[in-house]
Amino acid sequence: MSITTTGNLGPMILQSLAPAMLYVPTPSMNYITVCDKMSMPPNGGTTARFMRPRALTPPTVQLGNSGIDPPAQVPQRDIIDAQMAFFGTGCIINEQVILQDQEGVLAWVSERLAVAMRQAEDLILRDYIVSAASIINAGGGSNGFNPTNLGMSDFSLVATTLDTNNAYKFMSGIEGMDRFGTGPVRSAYFMLSSTELQSDFDSLVGSGFLNQWNYPTNASALPAEYGSAYNIRVLTSSEAPVARNAAINASGVSADVYYNTVVGKQAITHINQDGYSMNLIYRDPYYSGMLAQNATLAVKFAQAQAITQDTAIRNIICTRNSALGV
Amino acid sequence: MTEYSRQAKGRFVSTGGAKVINLPFQPDYVEFINYTASASGSDNGVPFAYWDSLMGQGVAVINRFQAANQLTTDTVDTLGITTFSAGQLLQFGPTLTVTDVSKAAAASVTTSGAHGLTSGDVVILEGLFETSTTGMPQINGIPFTVTVTGSTTFTIPWNTSQSNYTTISGAATGTPRAKKVLYPYLYFPGQTFISAITTGTTTTIDTTDAHNFVVGQEVAFRIPSQWGTVQLNSLPNTLTPGSPVYGYVIAVTDYNTVVVNIDSSAYTAFNSNQTVASVPGLSYAQIVAVGDVNTGGVQISSTSVLYPPPYTMPIGTTRVNTINGPAIQGAFVNNTSQGFVIGSGVAEGDASAILVGAAEDVIYWRAYLHDMSIPS
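Keeping their order, the protein sequence lines are chains A and B. Each residue of the first sequence is one higher than the one before, starting from 0 at the first, in numbering that gives the first Met the number 0. Each residue of the second sequence is one higher than the one before, starting from 0 at the first, in numbering that gives the first Met the number 0.
FYI, nobody ran anything at the bench for these hints, they're computed from the structure. All of these numbers come straight from a predicted model, not from anything done at the bench. Ideal Cβ positions, reconstructed from N, Cα and C, are used throughout, including at glycine. Only true hints are included.
Here's a subset of chain A near chain B, in silico, CB distances under 8 angstroms, partners left out:
id, residue
1, Thr-56
2, Asp-77
3, Ala-84
4, Tyr-127
5, Ala-132
6, Ile-135
7, Asn-136
8, Gly-138
9, Asn-165
10, Ala-242
11, Gln-304
12, Asp-309
13, Thr-310
With the hints as extra help, turn the sequences into a complete structure.
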């Protein structure tokens, strides 16, 4: 008996390309979420300028009966400048790739370029904040490092600091509901934190940290929101800044140091330049040499950033208490 | 050569230290001519050098004079030519083992091997525990500008001669070490740690690394209570509750000293003599850029372009231009960059033959990024 098998009659084409692309692991881009937006006008020079009036002193001293006017106050303002910078990247794609590859190369490269641009916007904001916002070392934890791991008192301290500075909160509170395991959520600032600290947040649940799934309603929760503590709602991302092995304790053990940005409204402004942001540029092979062999796909954008309310932002830096998976 | 390759050339006068060349690309091939060394033909001179990315980072192939006007070939194996992409923060160089930190007005740090640092580089120190309760952990994690005093020694701008600091020796329990911060000033001006405050009718601030402030910079202070001079803090403001109090920089003395127009005569003295016991959770005194009152850009000078870019001042009073266009002085600036570095490494066969040449040597360089590179 002769059985025909794939050993002697194999398929002529061995592979079949799945119709859908696999997803690309992409971090939550939280930094741009908390930014105010401003667009510099065309022909507006190199530098965006912000003006913030200062409060006048409240006239708390009575006039008395002298009939003499009090001395005038001199209004003051603060000026904040930020220089525009330009960014871009692209790919040169030979026409043979476009002609012969089975997948839509131009489509998915365009998509990746767009994501790269958005991630660049976020990373620039992240690093700018690390450079420009003042730092509080966490001291509420117990792991013996400086900074320590985050304790509930650290949330309280930084929220109190921003409240004292009259920062504006992003979110109004969520009223408690008659649902098991839930609790009310306070009006809140945002903390931009690392996914690597989520285990530490979980360990604070009994002390007052409320996981996002324990909110009375998740209607106002952001996709990256992990939970809340006191007047802070925590957004996590794998791209949050971390300095690896940047702290060592008295026993010679090292730990990673995380930068957690606690921010109120209008604390950071993301500035683009009119007509120059988010440009996706396709250039046909026609423009590349006498044989017109290569197409180009590129993105370019203009971006500046400024801390526009320095009193409404703090980086609270901490180490981690729990182990990290791999 | 097609339209996609990149070529650049230029000239600089060597300082004897590593030279950073900013470009709009990272080259895969670099060569240079040391005109001064070529003209003199003196022993130890390096008139020509070459580097290809396929050789790896930090190396170079050189010609050097093994005697007057007698050329030979050699290599530089470390601190040669390196490309860089300064686009993201919190990147560090190799870990340096620290064997000693002295008690001094400018503490001296000794490393177990050659540190490879240049004055103006920024390091953080870690694990400065002599025992579990003594040492200098008060300054762990603070970025410090180094002044190089030898191949294994450098000083940092911090007064460790105070009573609460104990000398770090080879017997330290905390595995003391240092790391170079690779790109400390990607965005400036920003926040900087304070090492000293001199109170008076004006207030003089010393910082641990470059402040990159200009005259006219508006600044705020964050002084935790144990550091003393809390009256400088922006809030609370008892006269106008809720309104921040700011100062303005009226003089820039050097890279880490500015004078601010705040009369601090009656303020509490600054105290950097923190205890070891305070360390877990100890926060540091900081000065923060808020804004500026300037209306113009950097002024033209004899060697500058017509409209000079913003600059950093990593050490001393030497300005290092950014690759930016002109901006209002004191503006928040993006200082990311890329390019290559000609290092101060020495020839494998002659430790006196320095790749980047001697101070005042005139060097002409070329850099390429090729369309096609075919590794074997």
